[in-house]
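Given the structure of chain A, go ahead and fit chain B onto it with the hints provided.
Number of protein chains: 2
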Amino acid sequence: MILGAIEAGGTKFVCAIGNERGEVLERVSFPTTTPEETMKKVVDFFNGKEIISMGVGSFGPIDPNKHSPTYGYITTTPKPYWGNYNILGELKKHFKVPMEFDTDVNGAALGELKWGAAKGLSSALYITVGTGIGAGAVVEGEMINGLLHPEMGHIYVRRHPEDTYEGSCPYHGDCLEGLAAGPAIEARWGIKGDMLPVDHEAWDMEAYYLAQALVNYILILSPEKIIMGGGVMKQQQLFPKIRDYVQEILKSYIAKEELASKIDEYILYPELGDNAGICGALALALTALNN
Amino acid sequence: MILGAIEAGGTKFVCAIGNERGEVLERVSFPTTTPEETMKKVVDFFNGKEIISMGVGSFGPIDPNKHSPTYGYITTTPKPYWGNYNILGELKKHFKVPMEFDTDVNGAALGELKWGAAKGLSSALYITVGTGIGAGAVVEGEMINGLLHPEMGHIYVRRHPEDTYEGSCPYHGDCLEGLAAGPAIEARWGIKGDMLPVDHEAWDMEAYYLAQALVNYILILSPEKIIMGGGVMKQQQLFPKIRDYVQEILKSYIAKEELASKIDEYILYPELGDNAGICGALALALTALNN
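Chains as they are written, first to last, in the numbering used here: chain A, 1 to 291; chain B, 1 to 291.
The following block holds chain A by itself, in its conformation from the complex (with noise of 0.2 Å):
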């Protein structure tokens, strides 16, 4: 059973085979351009692969509704060349297989469920912290869409009363993107994050805003297991002060051990490290094959 995964991000590209069992058996990855010269690249890898099916793991914001006529379109993006394409549309004329088509952390979270750190919940959220700040869920077994799809990089968190940085989101300046991805660190303490050392009170500040997104998803989506991939998080330093502020902000108002004494095994890099995003495709690629 040969599937099909592409993790289409906004700076590059991973296509990818791989099977049922999550395991990647051949893949490539390149920059992301023009829609013309990156989808070539796709077709090219895929051409004479014999997938079963296709899973597509997108940057956004997207049209995941299969109501919409732009179903399959990467619509509202400040990304040149890529605003309203229609990315599905494209492969449809090449590929004649079931495809599943989301944002690609959605397909991370039901990737981590399915083989990685949250195998055998029935919800998970996946976070992950980089050039920017994007969440996708499992709720129930499904994806959360509906008006849209999560878009919870972009919440709202009170500002650190220490920080006077005016924060980077160019829709809301100081939302949790702003304030807390790659670019905002960088900003704000005039040094790329991965060259601060790690005792640095940066970290403190960033524990402390992610922290406060974290409380706000358990208390709405109440997941089962939070993980957090990209690469501000591996800085490694900030799980246990991101999961010292969690317990603080939420002062046991839930009374579950997962958020106790378990906290380490509720809060948690991806079990399946840089490969979540790609097995995330190949997640959305079996449920293709399923619907």
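It is possible that part of the hints are untrue.
Since copy identity is lost for identical chains, a pair holds within one copy or between any two.
Straight-line alpha carbon distances no greater than 16 Å define the calculated EDC-like cross-link-like pairs of lysine to aspartate or glutamate that follow [claimed, not checked]:
#1 K66 x E140
#2 K262 x E248
#3 K241 x E265
#4 K251 x D174
#5 K119 x E271
#6 K12 x E37
Calculated from the structure, these hints are not laboratory results.
What follows is chain B alone, placed relative to chain A:
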């Protein structure tokens, strides 16, 4: 087809029988006292009524996890006598029909989806603003449970710059419930909300807090409709203010007409009005039948 419905509130219980069209045929309500006294009245009401299933929408926190040993319990409530009370177990002693148990607000979201303002959609969020603030949601046709169930009333929002009130939540101080539930309005202004003039500045501040919460719910859950009920929301002047603030805070980030020209139909008072809660329990009874 006669369905049994119980809206188990912390202040009063409502019991009703109704049908699969959401019509309430007979109802009774009484104050919530001890479990013994209260449940006896519940049992007396349903005895001899020939119901074919029963739905229970309860105040919380509850355990809605069917695989848990304490499924059907009201768990860590501070309400005297009701902590760790097996409400579903008590009902099962008396009535041998399929039962469904969830939070009152998850039930209300389901009821509005079946028969009310969100009819025909696959997702909706219901928030009640009264003595406390609670919210429930249906996503892809399923009520949200998971680690526990949503406790959306306790998320944190940013403080209004002119608000000096410290907040009334016994757990979190100035979380949303602590700043915007009925008791907070009364404590801040020294007078009950329904005695304040409709043009009092209190309503602008109230709208500011509720709108922030709605923005977070939209970004995290992406519901197709938001329904706002409860005593405080009887102040109809709040609705236009809340809609304006939601647009101001989101800054057109989500390009959907529901959040632009059609926001009057997106954020609404319950179509089922004061019946939202009991109809929610009726919807749960229907779910029990279908499972």
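Cross-check of the supplied hints:
1. K66 x E140: between (20 Å within a copy, 13 Å between copies)
2. K262 x E248: within (15 Å within a copy, 40 Å between copies)
3. K241 x E265: Classified as within: same-chain Cα gap 14 Å, cross-chain 42 Å, threshold 16 Å.
4. K251 x D174: between (25 Å within a copy, 13 Å between copies)
5. K119 x E271: within (10 Å within a copy, 40 Å between copies)
6. K12 x E37: Within one copy only: 12 Å inside a chain, 64 Å across chains, cut-off 16 Å.
Every hint from the earlier list agrees with this structure, and none is contradicted.
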